[in-house]
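> Let chain Z serve as the given structure and place chain L on it in line with the hints.
Line by line, the protein sequences give chains Z and L.
For the first sequence, our numbering gives the first residue as 1, with consecutive numbering after it.
For the second sequence, our numbering gives the first residue as 111, with consecutive numbering after it.
Heads up, some of the hints might be wrong.
Straight-line Cα separation of at most 20 Å, EDC-like style, residue types lysine to aspartate or glutamate; simulated pairs [stated by the list, open to error]:
id: 1; chain 1: L; residue 1: Lys148; chain 2: Z; residue 2: Glu98
id: 2; chain 1: L; residue 1: Lys213; chain 2: Z; residue 2: Glu103
id: 3; chain 1: Z; residue 1: Lys13; chain 2: Z; residue 2: Glu98
id: 4; chain 1: L; residue 1: Lys180; chain 2: L; residue 2: Asp165
id: 5; chain 1: L; residue 1: Lys113; chain 2: Z; residue 2: Glu98
id: 6; chain 1: L; residue 1: Lys126; chain 2: L; residue 2: Asp196
id: 7; chain 1: L; residue 1: Lys148; chain 2: L; residue 2: Asp128
id: 8; chain 1: L; residue 1: Lys225; chain 2: L; residue 2: Asp196
id: 9; chain 1: Z; residue 1: Lys57; chain 2: L; residue 2: Glu206
id: 10; chain 1: L; residue 1: Lys213; chain 2: L; residue 2: Glu154
id: 11; chain 1: L; residue 1: Lys180; chain 2: L; residue 2: Asp132
id: 12; chain 1: L; residue 1: Lys113; chain 2: L; residue 2: Asp218
id: 13; chain 1: Z; residue 1: Lys57; chain 2: L; residue 2: Asp139
id: 14; chain 1: L; residue 1: Lys225; chain 2: L; residue 2: Glu120
id: 15; chain 1: L; residue 1: Lys148; chain 2: Z; residue 2: Glu103
id: 16; chain 1: L; residue 1: Lys225; chain 2: L; residue 2: Glu125
id: 17; chain 1: L; residue 1: Lys213; chain 2: Z; residue 2: Glu82
id: 18; chain 1: L; residue 1: Lys213; chain 2: L; residue 2: Glu136
id: 19; chain 1: L; residue 1: Lys180; chain 2: L; residue 2: Glu136
id: 20; chain 1: L; residue 1: Lys113; chain 2: Z; residue 2: Glu52
id: 21; chain 1: L; residue 1: Lys180; chain 2: L; residue 2: Asp139
id: 22; chain 1: L; residue 1: Lys148; chain 2: L; residue 2: Glu125
id: 23; chain 1: L; residue 1: Lys113; chain 2: L; residue 2: Asp139
id: 24; chain 1: L; residue 1: Lys148; chain 2: L; residue 2: Asp132
id: 25; chain 1: L; residue 1: Lys213; chain 2: Z; residue 2: Glu52
Hints are computed from structural coordinates only; laboratory data are not their basis.
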Amino acid sequence: KAGVTQTPRYLIKTRGQQVTLSCSPISGHRSVSWYQQTPGQGLQFLFEYFSETQRNKGNFPGRFSGRQFSNSRSEMNVSTLELGDSALYLCASKGSGELFFGEGSRLTVL
Amino acid sequence: AQKVTQAQTEISVVEKEDVTLDCVYETRDTTYYLFWYKQPPSGELVFLIRRNSFDEQNEISGRYSWNFQKSTSSFNFTITASQVVDSAVYFCALSEASTNAGKSTFGDGTTLTVKP
Chain Z
1 KAGVTQTPRY LIKTRGQQVT LSCSPISGHR SVSWYQQTPG QGLQFLFEYF
51 SETQRNKGNF PGRFSGRQFS NSRSEMNVST LELGDSALYL CASKGSGELF
101 FGEGSRLTVL
Chain L
111 AQKVTQAQTE ISVVEKEDVT LDCVYETRDT TYYLFWYKQP PSGELVFLIR
161 RNSFDEQNEI SGRYSWNFQK STSSFNFTIT ASQVVDSAVY FCALSEASTN
211 AGKSTFGDGT TLTVKP
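In isolation and in its complexed conformation, chain Z is listed as follows (with noise of 0.2 Å):
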């Protein structure tokens, strides 16, 4: 069973861009959350869609946004990036009760 995908792996933007991150979870799965880890502020929840609703949303600016399509893959778009945007950028899908991770996307703002 495939796990969890996450593209690009590692990616590097000036401030001001914009980024995309693409996630394709688990087979089955129709839960994706989105995560953002910086050593300063740890694991921090972004948001979680199913069956491409957004069911719950964290603490985060409105240039963060996401969106699910019918086969449940997700992305993320950060606009207008800031310095402190540089963090891992972790996708999860949801099983019966715990999250499946991919392997993060590892992005840098200049």
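This is chain L only, laid out in the frame that chain Z set:
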């Protein structure tokens, strides 16, 4: 608001020693879930265990064991006879029953280093 505290930032042990990772949580919910995840250097978090708030039975899985005590709001994790491969960052997490694991609150993690 929910909160998870992992007071131990870093722990270093020698192989074969036993080590306990502490986790203390705060929540107003009466029904909730607790989790432990392991994050190796590759980056992805690996699920280890889930506990329901109404199930205080301790659990053992090989060299791993978990002690859940509702009275002290703690969910501690013990590795017996540690091995070098256990070196990783370990996270304790909490979620409301209504949202299940999708929206979890994580502790800051404990970096465990097991030296040969």
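> Could you run down the list of hints and mark each one as holding or not?
Here is what the structure says about each hint:
1. With a CA separation close to 13 Å, the supplied pair Lys148(L) and Glu98(Z) stays within the 20 Å bound.
2. Taking the CA atoms of Lys213(L) and Glu103(Z), the gap is about 18 Å. The hint holds against a cut of 20 Å.
3. Among the hinted pairs, Lys13(Z) with Glu98(Z) is inconsistent with the structure: their alpha-carbon atoms are about 32 Å apart, more than 20 Å.
4. A threshold of 20 Å between alpha carbons decides the hint, and for Lys180(L) with Asp165(L) the separation of about 9 Å falls inside it, so the pair holds.
5. A hinted pair counts as satisfied when its Cα atoms are at most 20 Å apart, and Lys113(L) with Glu98(Z) qualifies at roughly 18 Å.
6. For the hint pairing Lys126(L) with Asp196(L), the CA-to-CA distance comes to about 11 Å; that is within 20 Å, so the pair holds.
7. For the given pair, Lys148(L) sits about 17 Å from Asp128(L) by alpha-carbon distance, which is consistent with the 20 Å threshold.
8. Among the hinted pairs, Lys225(L) with Asp196(L) is consistent with the structure: their alpha-carbon atoms are about 10 Å apart, no more than 20 Å.
9. Annotation: proposed proximity of Lys57(Z) to Glu206(L) holds, straight-line Cα distance about 14 Å (limit 20 Å).
10. Restraint check: the Cα-Cα separation between Lys213(L) and Glu154(L) comes to about 17 Å, which is no more than 20 Å; the hinted pair holds.
11. A hinted pair counts as satisfied when its Cα atoms are at most 20 Å apart, and Lys180(L) with Asp132(L) qualifies at roughly 14 Å.
12. Simply put, Lys113(L) and Asp218(L) have alpha-carbon atoms about 10 Å apart, close enough for the 20 Å limit, and the pair holds.
13. Among the hinted pairs, Lys57(Z) with Asp139(L) is consistent with the structure: their alpha-carbon atoms are about 19 Å apart, no more than 20 Å.
14. About 13 Å separates the Cα atoms of Lys225(L) and Glu120(L), which keeps this hinted pair within 20 Å; it holds.
15. Between Lys148(L) and Glu103(Z), the direct Cα distance comes to roughly 12 Å. Compliance with the 20 Å bound is thereby established for this hinted pair.
16. Only pairs whose Cα atoms come within 20 Å are accepted, and Lys225(L) paired with Glu125(L) is accepted, the gap being roughly 6 Å.
17. Our distance criterion of 20 Å between C-alpha atoms is broken by Lys213(L) and Glu82(Z), whose separation comes to about 25 Å.
18. A threshold of 20 Å between alpha carbons decides the hint, and for Lys213(L) with Glu136(L) the separation of about 15 Å falls inside it, so the pair holds.
19. The suggested pairing of Lys180(L) with Glu136(L) holds, with an alpha-carbon distance near 11 Å, which does not exceed 20 Å.
20. Our distance criterion of 20 Å between C-alpha atoms is broken by Lys113(L) and Glu52(Z), whose separation comes to about 29 Å.
21. Taking the CA atoms of Lys180(L) and Asp139(L), the gap is about 12 Å. The hint holds against a cut of 20 Å.
22. For the given pair, Lys148(L) sits about 18 Å from Glu125(L) by alpha-carbon distance, which is consistent with the 20 Å threshold.
23. As the CA atoms of Lys113(L) and Asp139(L) are separated by approximately 12 Å, the hinted pair is consistent with the 20 Å bound.
24. A distance of roughly 14 Å separates the Cα atoms of Lys148(L) and Asp132(L); the hinted pair therefore holds under the 20 Å criterion.
25. Distance check on the hinted pair: Lys213(L) and Glu52(Z) sit about 16 Å apart at the alpha-carbon level, within 20 Å; holds.
Going down the numbered hints, you'll see the structure goes against 3, 17 and 20, while the others check out.
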